[in-house]
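Residue numbers (my numbering), protein chains in the order written: chain A, 27 to 289; chain B, 27 to 289; chain C, 27 to 289; chain D, 27 to 289.
Hints should not be assumed to be uniformly reliable.
If several chains are the same, the list does not tell them apart, and a pair holds so long as it fits within one copy or across any two.
[Unchecked claim] List time: in silico SDA-like cross-link candidates among lysine to any residue, alpha-carbon distance up to 20 Å:
#1 K237 / T162
#2 K260 / A246
#3 K260 / S273
#4 K260 / E250
#5 K32 / I134
#6 K237 / N129
#7 K237 / S96
#8 K32 / A79
#9 K32 / S65
#10 K260 / I134
#11 K237 / G161
#12 K32 / G75
#13 K260 / T239
#14 K224 / A79
#15 K32 / L137
#16 K260 / P155
#17 K260 / V247
#18 K237 / Q204
Keep in mind the hints are simulated off the structure, nothing from the lab.
There are 4 protein chains.
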Amino acid sequence: MTDNRKPVFLVIGAGGGIGGHCAMRFAAGGYHAVCARRSDADGLGELVGRIEAAGGTATGSLLNAAEDGSIEELVERIERDIGPIHAALYNLGAQIGNRTLENTPHRIFELGWRLGTFGLFRLAHAMFPAMVARGTGTMLVTSATAAVRGNAGQHSHAAAMGGRRMLCQTLNAEFAPQGIHVAHVVIDGPVDSPPLRKLLGDRWEGFAAAKGTGGIIDPAVLAETYWHLASQPKNCWTHELDVRPHSDVPWWNDNPAPEIDAR
Amino acid sequence: MTDNRKPVFLVIGAGGGIGGHCAMRFAAGGYHAVCARRSDADGLGELVGRIEAAGGTATGSLLNAAEDGSIEELVERIERDIGPIHAALYNLGAQIGNRTLENTPHRIFELGWRLGTFGLFRLAHAMFPAMVARGTGTMLVTSATAAVRGNAGQHSHAAAMGGRRMLCQTLNAEFAPQGIHVAHVVIDGPVDSPPLRKLLGDRWEGFAAAKGTGGIIDPAVLAETYWHLASQPKNCWTHELDVRPHSDVPWWNDNPAPEIDAR
Amino acid sequence: MTDNRKPVFLVIGAGGGIGGHCAMRFAAGGYHAVCARRSDADGLGELVGRIEAAGGTATGSLLNAAEDGSIEELVERIERDIGPIHAALYNLGAQIGNRTLENTPHRIFELGWRLGTFGLFRLAHAMFPAMVARGTGTMLVTSATAAVRGNAGQHSHAAAMGGRRMLCQTLNAEFAPQGIHVAHVVIDGPVDSPPLRKLLGDRWEGFAAAKGTGGIIDPAVLAETYWHLASQPKNCWTHELDVRPHSDVPWWNDNPAPEIDAR
Amino acid sequence: MTDNRKPVFLVIGAGGGIGGHCAMRFAAGGYHAVCARRSDADGLGELVGRIEAAGGTATGSLLNAAEDGSIEELVERIERDIGPIHAALYNLGAQIGNRTLENTPHRIFELGWRLGTFGLFRLAHAMFPAMVARGTGTMLVTSATAAVRGNAGQHSHAAAMGGRRMLCQTLNAEFAPQGIHVAHVVIDGPVDSPPLRKLLGDRWEGFAAAKGTGGIIDPAVLAETYWHLASQPKNCWTHELDVRPHSDVPWWNDNPAPEIDAR
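Only chain A is shown next, with the shape it has when bound in the complex:
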């Protein structure tokens, strides 16, 4: 029995930045976008409205990803009531400020893991069986430099992202041969988004001026890279890549000063 419904693109963490712009891009490309986020029903409605105004289709859904059963219920509901999930974006951050170890309470460290690692595991656990049955599926995972190096003040964030990265690798190892493509995207730089603008407040203009042209990631541009990843045929998959503004030298070049290397 053929499923004649539109393929679904599920975004966990669909705000005004990467998540929302990917929803718009994939909707423009023919997917029905299911936009899940924790709160802000108005923002969700606006996103859905913008997608529909552009000729696409979308559904907004409130989701507390840290809550047991929440992701599982959403996946089940989509598959039953909306359409087959052909692609998904796990876009939840796990950074909760920059904190010394002393100022990182156990519950913050645990929350980082719940959003950063466990939620991704739960999404794969709930979503992959149907993808395996269909022999196809894509899971895009927004990640951060903290997944490949751990900086001071990043205990919760880096542990969560390090777990996320290794999980992407185990998922690829098990599911790529079964037709599911997992791509781990290491973002290294600021992304223009409502939360960043809100965080910076009055300082936004100065920040943007200091960064200059090409210094802040445009989420609409980044969405094209996500789209490209989801478009790669099975003979040519990318499992990991980095993205950054050109003026941010790669993280491995943070300190261009030469080592004094005298032997």
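Chain A is fixed; fit chains B, C and D onto it per the hints.
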């Protein structure tokens, strides 16, 4: 006020393999070994007895590291009643068999994190303030190849170890300048130990014969490397290293077949 | 003074695989393709002919990249006579069979470096000043798994590719802020191409059947990923990514057998 | 026929820093040290004298490692006239200042490769057959952060070190099962040595004061880590490790500022 008590070497996960042999090695080197493990009071007593028979001192302690407050209470009790913790070994594994995603229940994934990542965070959180106050301390961390690559069937293990590795990096970034040395040891190969012998049962002899001389890590030998790490002066610290039997080619050489590289 | 000539896409190593297909893709996208290869003038003519038949423009050029001055002369000639090089692909391999150390003569090791590392340095050295003056440019670099792990029998290849990868990083560190985008593409799997088919001869059919659908990289598909990289705006650049057939688990998963992790 | 001669420890690059201190350490441990360096016969004589004064034995040898046949001749001469090479240290740097691409002439880039990569290949090529025949051997390789990341101004150095690292991996893959241990030591920080003191001149005191206690690697201390590596039994080998002063956060922590991670 000087603390005239013996420096303590705390082992979380002190069985008959790496943990127990490190306890013996550090006790021989002048530390009072505190050997913590989940169960098997007899095995613990035997380990303590062996250390004392060799002229050292040790204390056995039952510990359920997954339980809230357990590590914290132990650290507090040692500092108060036994001596200052100058070195510690976090030796808990997080591998719970080889399981497909489907056969990895949520509680297994969570347990992997509790033992693999969260317990290490809790140990550092509880133990580092006194080390910082003293300006010195060492935390050795037994890890696995799963911390640097994620294989099929290793979802829980790799996610836990990936988090462990990034956490070691954030801890080093924050605490190395304050005098605390964290070393992440990537073990890539079988370690001769009671659980391995028990697991293999009748097959042990054949396994050992197949591996040949130098094919199985001797935990007494490995303990020398841990001891060396703890002996490095502040001007020359190692933060990460691998260890493996010579007959196990490094994990990046699992497949020595040449790629067909035709362009 | 504006340069009204078509932007040039230069391919060093333009055969029937990745290089040729990228030439076609970039020509279709509006570039004038300059296709350089060591020999086989006929193959070159055929490639140029195919590009022109598709409505594009191209120039074929014989090039011995290992020869001093060859790349330098080509770059100078293109900038003077053909057009500004806005994008380039360094596509020379450095694999000269699978050889034990004993069977790797000095000259083979040196040749690997000349083609694998030094040629890339020479291309950047010759080509970047004009790109810097224009404030824009892209250099795509085909690489291999050998750049990130060294396997048995790959002494020459891995050393050359390891140098290539680090060079890409230093080039990015210095030139990304000046507007030049260097992307290092780690190919991990067989690519359908005339040399591979020739190498396998009668065994090609069996090889392809064993690999199955999606088991061999289609260079026309891969060219889309190269095109995407060259299309990324300055605020969102990728510096490294992997590509592989879905049925080839990532190289870090070559050995899915669980470690025996008994402590 | 048993070889009753003392085992030889060969140092390529035996100056007053890492190389010289390793020569002293290995001589103290029972090896006959062969100290090779490019020039400065006086410094060589002094090093040999110091080793002999401490009760050890040593031979000084002038060597231009960049010259064809030089390393090969030395290895042959040692095996014939002095003793079996059981351990060696390849300690040649490849850093020739910090240079922009424009200021890196072809010959500098090539020299970096000759000393950084090719010389190591030549040493292994010449030395390993006898080690394989004896079933044992150790090759220690001093390396740098440039082997794992490429910074601005490091084109020659990073390309050479990246090749060095991959070569160490291919050598391990082929020779570890045959009993030869290759260890790649990533030095990340200043090493107290005559060239560094000479380079800094009057600024040395200020530099040392700024670095503080534990801020500069003491080569005598580092030599203990090299000694430990060479002492690891076959069942427990380390192939790669980092060393750095405690006050130098690991290279992956150069920039402790949190990423702004707003999605």
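Quick rundown of the hints versus the structure:
1. For a Cα distance limit of 20 Å, the shortest separation of K237 from T162 across copies, 18 Å, qualifies, whereas the shortest one inside one copy, 40 Å, does not.
2. When the C-alpha separation of K260 and A246 is checked against a cutoff of 20 Å, the pair qualifies only between copies, where the shortest distance is 13 Å, while the shortest distance within a copy is 25 Å.
3. Within a single copy, K260 and S273 get their C-alpha atoms only as close as 33 Å, which misses the 20 Å cut-off; across copies the closest is 8 Å, which meets it.
4. When the C-alpha separation of K260 and E250 is checked against a cutoff of 20 Å, the pair qualifies both within a copy, at 19 Å, and between copies, at 13 Å.
5. Taking the shortest Cα distances, K32 and I134 never come within 20 Å of each other, neither inside one copy (39 Å) nor across copies (35 Å).
6. Taking the closest pair of Cα atoms, K237 and N129 never come within 20 Å of each other, the shortest separation being 30 Å inside a single copy and 28 Å across copies.
7. For a Cα distance limit of 20 Å, the shortest separation of K237 from S96 qualifies neither inside one copy, at 39 Å, nor across copies, at 39 Å.
8. When the C-alpha separation of K32 and A79 is checked against a cutoff of 20 Å, the pair qualifies only within one copy, where the shortest distance is 18 Å, while the shortest distance between copies is 38 Å.
9. With identical chains, the CA atoms of K32 and S65 are never at most 20 Å apart, being 26 Å at best within one copy and 50 Å at best between copies.
10. Within a single copy, K260 and I134 get their C-alpha atoms no closer than 39 Å, and across copies no closer than 31 Å, so neither meets the 20 Å cut-off.
11. Taking the closest pair of Cα atoms, K237 and G161 come within 20 Å of each other only across two copies (17 Å); inside a single copy the shortest separation is 44 Å, beyond that limit.
12. Taking the closest pair of Cα atoms, K32 and G75 come within 20 Å of each other only inside a single copy of the chain (18 Å); across copies the shortest separation is 42 Å, beyond that limit.
13. In this homomeric assembly, K260 and T239 come within 20 Å of each other (Cα to Cα) only across copies, at 8 Å, whereas the closest approach inside a single copy is 36 Å.
14. When the C-alpha separation of K224 and A79 is checked against a cutoff of 20 Å, the pair qualifies neither within a copy, at 26 Å, nor between copies, at 53 Å.
15. For the homomeric pair K32 and L137, neither the shortest alpha-carbon distance inside one copy (34 Å) nor that between copies (38 Å) is at most 20 Å.
16. Taking CA atoms no more than 20 Å apart as the test, K260 paired with P155 passes inside one copy only; the shortest distance there is 18 Å, against 39 Å between copies.
17. In this homomeric assembly, K260 and V247 come within 20 Å of each other (Cα to Cα) only across copies, at 10 Å, whereas the closest approach inside a single copy is 24 Å.
18. When the C-alpha separation of K237 and Q204 is checked against a cutoff of 20 Å, the pair qualifies only between copies, where the shortest distance is 14 Å, while the shortest distance within a copy is 43 Å.
In terms of the numbered hints stated before, the structure departs from hints 5, 6, 7, 9, 10, 14 and 15, listed from lowest to highest.
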